[in-house]
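A.B. asks: Taken in sequence, the protein lines are chains A, B and C.
Numbering-wise (this note's numbering), the first sequence opens with residue 1 and increments by one.
Numbering-wise (this note's numbering), the second sequence opens with residue 1 and increments by one.
Numbering-wise (this note's numbering), the third sequence opens with residue 1 and increments by one.
FYI, nobody ran anything at the bench for these hints, they're computed from the structure.
Keep in mind that this is a model prediction, so the values were computed, not measured.
A couple of the hints might just be wrong.
Here are a few chain B residues that face chain C, going by a calculated C-beta distance under 8 Å [said to hold, decoys possible]:
hint : residue
1    : 49
2    : 56
3    : 139
Negatives, chain C to chain B, calculated, CB over 10 Å [unchecked claim]:
hint : residue
4    : 25
5    : 60
6    : 71
7    : 126
Listed next, the in silico SDA-like pairs over lysine to any residue satisfying Cα-Cα at most 20 Å (straight line) [as the list claims (entries may be wrong)]:
hint : chain 1 : residue 1 : chain 2 : residue 2
8    : C       : 53        : C       : 27
9    : C       : 27        : B       : 118
10   : C       : 27        : B       : 194
Just so it is clear, CB atoms sit at the ideal spot from N, CA and C, and this is done for glycine as well.
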Amino acid sequence: MSAEPLVKVSNLNFTYDRRPVLTGINMEIHRGQVVAIMGSSGCGKTTTMRLIGGQLRPTSGSVSIGGQVVHELDNDGLYQLRRRMGMLFQFGALFTDMSVFDNVAFQMREHTDLPESLIHDLVLMKLHAVGLRGVHQLMPSELSGGMARRVALARAIALDPLVMMYDEPFAGLDPISLSVVGQLIRTLNDALGGCSIVVTHDVQESLKIVDYVYFVSAGKIVAEGTPAEIKKSTTPYVHQFVWGEADGPVPFHYPAPPYGASLLQEVVRA
Amino acid sequence: MLDKVVRALTSLGRSVTDRIWRLGFASRFFLAVFLYSGTAFRRFHLTIREIYFTGVLSLIIILVSGLFVGMVLGLQGYDTLQRYGSSEALGILVALSLVRELGPVVAALLFASRAGSAITAEIGLMKATEQLSAMEMMAVNPIARVVAPRFWAGVISMPLLAALFSALGVFGGYLIGVQFIGVDEGSFWSQMQASVDFRQDIVNGVIKSFVFGVLVSWIAVFEGYDAEPTAEGVSGATTRTVVTSSLAILAADFVLTAFMFRGI
Amino acid sequence: MNRATLDLWVGFFVAISLVALGFLAMKVGNLSSASSGETYTLQAKFDNIGGLKPRGAVKSAGVVVGRVSEIKFDPENYVAQVTLQIDTRYKFPRDTFATINTSGLLGEQYVGFEVGGDPEMLKAGDTIKKTQSAVVLEKLISQFMFNKASEPSAAK
């Protein structure tokens, strides 16, 4: 583990429409690590990832990747940085008007001058890594959800990125695909030699493959640690999340007036 | 009571300022499309692909509508003209109506409904399924790669479609007037040729259709790009494209006609 | 849809549109006659131009030989000053008569050239000396009524 983190989030604050979304986020991700950002829906984890990717500007604080502060980069600098990043979107976000082959070849054709014969081999290699070399002729609409996501993964790693980001990679997958995607995230990370950030709320799969976990709740980091530490954690929120308890710091009931009183209330006919 | 009035006024003011804000945003977007149009021309095959989807696939509706409009013009025109014994002026009536007004305007309205709404839906769906975001994250500017080719394809296709509409309309008028009703063929064409001036009528008609092309394409790509990333958002955006384009076409037609044909 | 097919269809589309545009310019409009060649300027003064408009035709022996380019009022002589652009292919003698005629009974007005026998030709910028104004319908009617009234009453 190298001393300087590859991705460093320092004191990150983000407000949207005067509503604080993220407060005082600090993270360090080192080379070779797979890090998970976990929390329930709407806690701000996807926003964190968008801030790391430079799609949003922080209100205060900074994100730096390889020493460069992301929001201080100009347009050219940002695009240079993005060529060394890969992102897997929640449902794949494949380009529907192109075939699987063209989707994976997209970045190679846009950013490099490689000859078509070389691109052909590279595309097949990337698809082979995710196990889908056989579908390269198909259109995205002909793929199942799990397959589309794997093709999107092949597309994201097309230029061997340094930082890989995964937005809910396990959402809506069957058990076999879950395991496949999980293993791919780990093996690709080890092969590429960079780091990976996984935003998810799937506890079982992610704890199997990640090196470190950050727990986000209501825009703040409430807990962090290795998977082993997280499983043993006594922090109420973490405990409820990991063991899937119905009630705890995240309440079962949405705030409402007292039950007895609402039942006995006169029904006002409008 | 008073606060109801205050609230009504506030919401009225809010809708006006929202519209103006949106127009400002649309103008900056228009400038951005221009600035990033390099890719659309350097890799012209991208634009050609879009010309196929907007222009070629609109051919059927344009050709058929042009023919029918011309034929109706022939029928209605003959009915009115023959009351004054001027039925040989039918050629003039059909040609000038089409070349000056109906060609550019009706073709633009049809184009907005067919191609404009398709462009909006496509871009809106790409936004909703995060394809534009994905492209951004892959360091490819979505405005350059997706929006600009569609914009220029619309601008190029529109005058071509308007010319086809007018030409087929004249042919339709000829079919009805000369072949069906029996107006003299010679005077149909000769009076037409004597009255339709190339610079005044035809070139102005082409200029009109070019302006309509810019308007419709701008509105179509903007509404798609600005759509809410949901199903209702995209459907609302396509409706807005058709409505706003139609109003813009008719308003611009008035302004252009006032400038071009004032002297006559 | 591969690129070759796309290119083919788009090429077809552009080709037929250009044909349509050409059809409009040639068969519907007057492109072939309008811009064929150079013109030279002649001036003519008329007492009354009637309904003559700029871009009206100049015809000789019924054939279009030029166009009216400008109509101005001459404040010194209180006549209309008409500028004509004549096709350089055609030269007219100095004693050419310029009249304003009506095509058909109630149609558009045009300038007609009736040539005389002068061996010298009009040069660019020359003024046509002999002109006849347009027939104004009201004057014609009042003249007719005047003549009719002054006729001795036939049978009483």
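A.B. asks: Hint by hint, note whether the structure agrees.
C.D. replies: Structure-based check of each hint:
1. Satisfaction of the interface hint for residue 49 (chain B) is found here, the shortest Cβ-Cβ separation to chain C being roughly 6 Å, below the 8 Å cut-off.
2. A least Cβ separation of about 5 Å between residue 56 (chain B) and chain C falls short of the 8 Å threshold, and the interface hint therefore holds.
3. About 25 Å separates the beta-carbon of residue 139 (chain B) from the nearest beta-carbon of chain C, more than 8 Å, and the hint is not met.
4. Remark: the non-interface label on residue 25 (chain C) conflicts with the geometry, its nearest Cβ contact in chain B lying 6 Å away (cut-off 10 Å).
5. Separation of residue 60 (chain C) from chain B is adequate, the least Cβ-Cβ distance of about 17 Å exceeding the 10 Å criterion.
6. The non-interface label for residue 71 (chain C) is consistent with chain B: the shortest C-beta to C-beta separation is roughly 12 Å, beyond 10 Å.
7. For residue 126 (chain C), the non-interface assignment is confirmed: its Cβ lies about 27 Å from the closest Cβ of chain B, beyond the 10 Å cut-off.
8. With a CA separation close to 24 Å, the supplied pair residue 53 (chain C) and residue 27 (chain C) exceeds the 20 Å bound.
9. With a CA separation close to 35 Å, the supplied pair residue 27 (chain C) and residue 118 (chain B) exceeds the 20 Å bound.
10. Restraint check for residue 27 (chain C) and residue 194 (chain B): satisfied, since their Cα atoms lie roughly 10 Å apart, inside the 20 Å limit.
Taken one by one, the earlier hints fail for this structure at numbers 3, 4, 8 and 9, listed in ascending order.
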